[in-house]
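Trainee: Residue-level listing of the chains:
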Amino acid sequence: MVFISILLTMFQRLHGERSAQGVYHILRGKRSGQTLQDVENYQLKPFYSLFPNLSTDGYRRQIERLIAEGLIRIENQVVYVTDKGRKNMLHAPWRFNGWEYRGGEREFVKRLALTVQTLSYIRTGQTMFAPIQKELHIQQFVKEFLRRQTVSVDELAKRVHKELVQILSEANLTDLQRTILSYRLTGVQLTAYTWEQIAEALNSPVTSVQIYFLESLHIVLDFIEEHEDMPLVKSLAVGCRVENYLTQSAERSRKLVQQGYSIEQIASLRNLKLSTIEDHMVEMAANVKTFPYEEFVTAEQIQKVWQQIDRLQTKRLRVLKERCAELSYFQLRLIIIHGKRVDS
Amino acid sequence: MDIQDVLQQRFGYVAFRPGQEEVIRHIVAGRDAVAIFPTGMGKSLCYQLPAYVMDGAVVVISPLVALMEDQVANLRNHKEKRIVAINSFLSRQEKELALNTLHQYKFIFLSPEMLMQTAVQQLIEQLNVAFYVVDEAHCISEWGFDFRPDYLRMKEIFAGSKRAPVLALTATASEKVIEDITSYLQLNQPHIERQPIDRPSISYRVLHLENQLAKTDWIIERLSVTIGPGIIYVASRKRADELAAVLQEKGIRVASYHGGKEQDERSIIQEQFVQGDLEWICATNAFGMGIHKDDIRQIIHEHLPATPSAYVQEVGRAGRDGEKAAATLLYSERDIQKLKFIVFEDLPDEQQIRYYHSLMQTGVSGSLATEQSGLTEVAARLLDYYFEQFDEENVIRQIRQIFQVKERQIADMERFVRSEDCLREKLLSYFGEKSATTFDCCSQCQNIADEWLVRTTVEQKRSTKLDWKERLHQLLG
Ligand SMILES: [Zn+2]
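Protein chains in written order, with my numbering: chain B, 1 to 344; chain W, 1001 to 1477.
Just so you know, not all the hints are guaranteed correct.
[Stated by the list, open to error] Pairs of lysine-lysine residues, derived as PhoX-like cross-links and limited to a Cα-Cα distance of at most 25 Å, are as follows:
{"no.": "1", "chain 1": "B", "residue 1": "Lys143", "chain 2": "W", "residue 2": "Lys1095"}
{"no.": "2", "chain 1": "W", "residue 1": "Lys1162", "chain 2": "W", "residue 2": "Lys1106"}
{"no.": "3", "chain 1": "B", "residue 1": "Lys234", "chain 2": "B", "residue 2": "Lys45"}
{"no.": "4", "chain 1": "W", "residue 1": "Lys1261", "chain 2": "B", "residue 2": "Lys234"}
{"no.": "5", "chain 1": "W", "residue 1": "Lys1176", "chain 2": "W", "residue 2": "Lys1434"}
{"no.": "6", "chain 1": "B", "residue 1": "Lys143", "chain 2": "W", "residue 2": "Lys1250"}
{"no.": "7", "chain 1": "B", "residue 1": "Lys304", "chain 2": "B", "residue 2": "Lys273"}
{"no.": "8", "chain 1": "W", "residue 1": "Lys1095", "chain 2": "W", "residue 2": "Lys1079"}
{"no.": "9", "chain 1": "B", "residue 1": "Lys158", "chain 2": "W", "residue 2": "Lys1469"}
{"no.": "10", "chain 1": "W", "residue 1": "Lys1106", "chain 2": "W", "residue 2": "Lys1095"}
{"no.": "11", "chain 1": "W", "residue 1": "Lys1250", "chain 2": "W", "residue 2": "Lys1261"}
{"no.": "12", "chain 1": "B", "residue 1": "Lys143", "chain 2": "W", "residue 2": "Lys1465"}
{"no.": "13", "chain 1": "B", "residue 1": "Lys273", "chain 2": "B", "residue 2": "Lys321"}
{"no.": "14", "chain 1": "W", "residue 1": "Lys1324", "chain 2": "W", "residue 2": "Lys1469"}
{"no.": "15", "chain 1": "W", "residue 1": "Lys1324", "chain 2": "W", "residue 2": "Lys1176"}
{"no.": "16", "chain 1": "W", "residue 1": "Lys1261", "chain 2": "W", "residue 2": "Lys1176"}
{"no.": "17", "chain 1": "B", "residue 1": "Lys162", "chain 2": "W", "residue 2": "Lys1469"}
{"no.": "18", "chain 1": "W", "residue 1": "Lys1106", "chain 2": "W", "residue 2": "Lys1155"}
{"no.": "19", "chain 1": "B", "residue 1": "Lys234", "chain 2": "B", "residue 2": "Lys162"}
{"no.": "20", "chain 1": "W", "residue 1": "Lys1340", "chain 2": "B", "residue 2": "Lys143"}
{"no.": "21", "chain 1": "W", "residue 1": "Lys1081", "chain 2": "W", "residue 2": "Lys1106"}
{"no.": "22", "chain 1": "B", "residue 1": "Lys143", "chain 2": "B", "residue 2": "Lys162"}
{"no.": "23", "chain 1": "B", "residue 1": "Lys162", "chain 2": "W", "residue 2": "Lys1340"}
{"no.": "24", "chain 1": "B", "residue 1": "Lys87", "chain 2": "B", "residue 2": "Lys45"}
Don't read these hints as lab results, they were simulated from the structure.
Turn these sequences into a full structure, and let the hints guide you.
Mentor: Structure below.
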């Protein structure tokens, strides 16, 4: 039910301009020009890369269910949310921030879980225990984190405790989310609950519990990012935010642009198709605040296209191309990302 | 330093356990050895200790990442820091770092795939290797119960005449498997040290039941009147989930465990079982390796394991503390058919082999050929290996041989469950051992005293009041 609510929210934002496949790519965090542009154009960044392991089959079953229940309909491969679907979106606004974390939130909670477990054992004098996190890089991270601390283990446990209470109390979480988070932590004679056990105790489906958990991680990480008075948990979150939004290949193109090469030159230098370099430019426009739009489009062109967008209530490229035949698809894509506002 | 001193100073033991000293002395003297030690009988010390009396690094090839991590953790507990584990779970940077600093380590753990990489081999050749260890060496034999084609490729590695000694370790191995280990690993007149696999504290039961429904009923009844902790081994992931759900309904503290669950969930379930929060686990054969729990009292098999070795190993997880433990195998007529289906699914038939081969020759990609000829992933890797060295007819002959071996192993299991004589004797006979147990033996001997198994306490219902502040307080004070 909760997953369905996410899908309906996304389809609604795409208001009949994308196929079901487009949403699938966003949820999986596909790094292609089209997907990156979709999340930008339709305000879907919060949902980007929420479920990197979502299977085609699992997704297809959900879509079939939405259709069977009359919540969406599909025409010419394009998804429309029905009136019944809109009434079913009653869920409070989602507070995901998938764009910024892209799986980094899972890294954070693994570090947190191992840190809490280690402190719980060591403060009671037990140095031998089976680490609840088996991944070597998580173990190394936590070991390094603990080595850097200068206070006693007792004091450290106290401080981490205080920070966690503060974060869970003050961040805008539901009580359900606070409970779920705390029950994924392990310590002496207090092992974490499995998803099934939490779901049973809370009388809620497993997928809902997992989705609320994921959302709570984003809320917690956003909270930590904005506050300075929780240095310990903050240092467990280091590197969990995406620092470079560009794909490796786009990053290389970006450097060449900076050095003053034209996109035709870059294409021949890198031995890639021009359309690929154009994709890189679109990716950059969506992610780099200082993108040099003026090198590709004029202020008049931007104004003209946005007048069409407002009048026709669509961002579909094919429709816009019919009205502005003198512009290339590449230019149209840039203009959509640029947005309506033109600085003089 | 003398090995006796190392035993005391580094490992904190006063005396060797049976068989350890013999293996260690042979390795230190530069000889090859095969050590067959039942799980939990001190197999690891056989390679850990000689490392400290010999110059150079010990290269350990281990097939499972979980086992590798277990070994690494074990060494760290003995204050050894010079350890590195290289497997496919490392990122590229981590791997490069590890390989560039290889000479700094005393213990180098490698997965078979890693060892096969030419770059890794070249690095190892430059090292001063004290000796090699092949863990779970039975995986190299088609006669073993979890044959791994990857392992077969090690043949070439140990071919040289002036290589360092090799120590092959395994928990169970028949004569045939030992022959394979010796020839494939090119061991030179190895010392063979075999510790008895019989565990007198475990009593055996085989029960014939009508069908799966009857088994489910029996398990529900059994778990309500007897004690845990225990493991119920089932045939599939789906069945593990299903049975766990049924038992949960009855108020039993149980969870399912299998390879289809995410890693975090598996760690939590394992830990809950070790801590006693869970009394029972419904599991596929993925559960058990690397778990340290000495007080397991019961092992129940709801399905028929594929080989006597697999059965002995799974049952051997009970009663490590030396106290009594009960093994029960539930059997119904159709189980043999089901087992054959599962086992032979991974073995290509003649038609599939020919078709796969023809596809590969026309340059079709491996994964496409696998799919089109309807092979499983395991089957395709097996064929790839054989086609590297044999022509089509000989590959077919090889596969037919494996088929026959597996059929014989299943026949062994069938004879075991149908046996009208002592079950323990039957099982041990497959490993060339004799039974010395005269009481508390098996359901055929009819001399089992089960009073200790009876549950006397009433299960307390777990409180479901969840409070996050209280929990944080309990965790961190
Ligand atoms: Zn007997």
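Trainee: Look at each hint and say if it fits the structure.
Mentor: Against the structure, the hints:
no., hint, result
1, B:Lys143 to W:Lys1095, "holds, 19 Å"
2, W:Lys1162 to W:Lys1106, "holds, 21 Å"
3, B:Lys234 to B:Lys45, "holds, 23 Å"
4, W:Lys1261 to B:Lys234, "violated, 30 Å"
5, W:Lys1176 to W:Lys1434, "holds, 18 Å"
6, B:Lys143 to W:Lys1250, "violated, 42 Å"
7, B:Lys304 to B:Lys273, "violated, 29 Å"
8, W:Lys1095 to W:Lys1079, "holds, 23 Å"
9, B:Lys158 to W:Lys1469, "holds, 14 Å"
10, W:Lys1106 to W:Lys1095, "holds, 17 Å"
11, W:Lys1250 to W:Lys1261, "holds, 23 Å"
12, B:Lys143 to W:Lys1465, "violated, 33 Å"
13, B:Lys273 to B:Lys321, "holds, 22 Å"
14, W:Lys1324 to W:Lys1469, "violated, 42 Å"
15, W:Lys1324 to W:Lys1176, "violated, 32 Å"
16, W:Lys1261 to W:Lys1176, "violated, 35 Å"
17, B:Lys162 to W:Lys1469, "holds, 11 Å"
18, W:Lys1106 to W:Lys1155, "holds, 24 Å"
19, B:Lys234 to B:Lys162, "holds, 13 Å"
20, W:Lys1340 to B:Lys143, "violated, 48 Å"
21, W:Lys1081 to W:Lys1106, "holds, 9 Å"
22, B:Lys143 to B:Lys162, "holds, 21 Å"
23, B:Lys162 to W:Lys1340, "violated, 58 Å"
24, B:Lys87 to B:Lys45, "holds, 23 Å"
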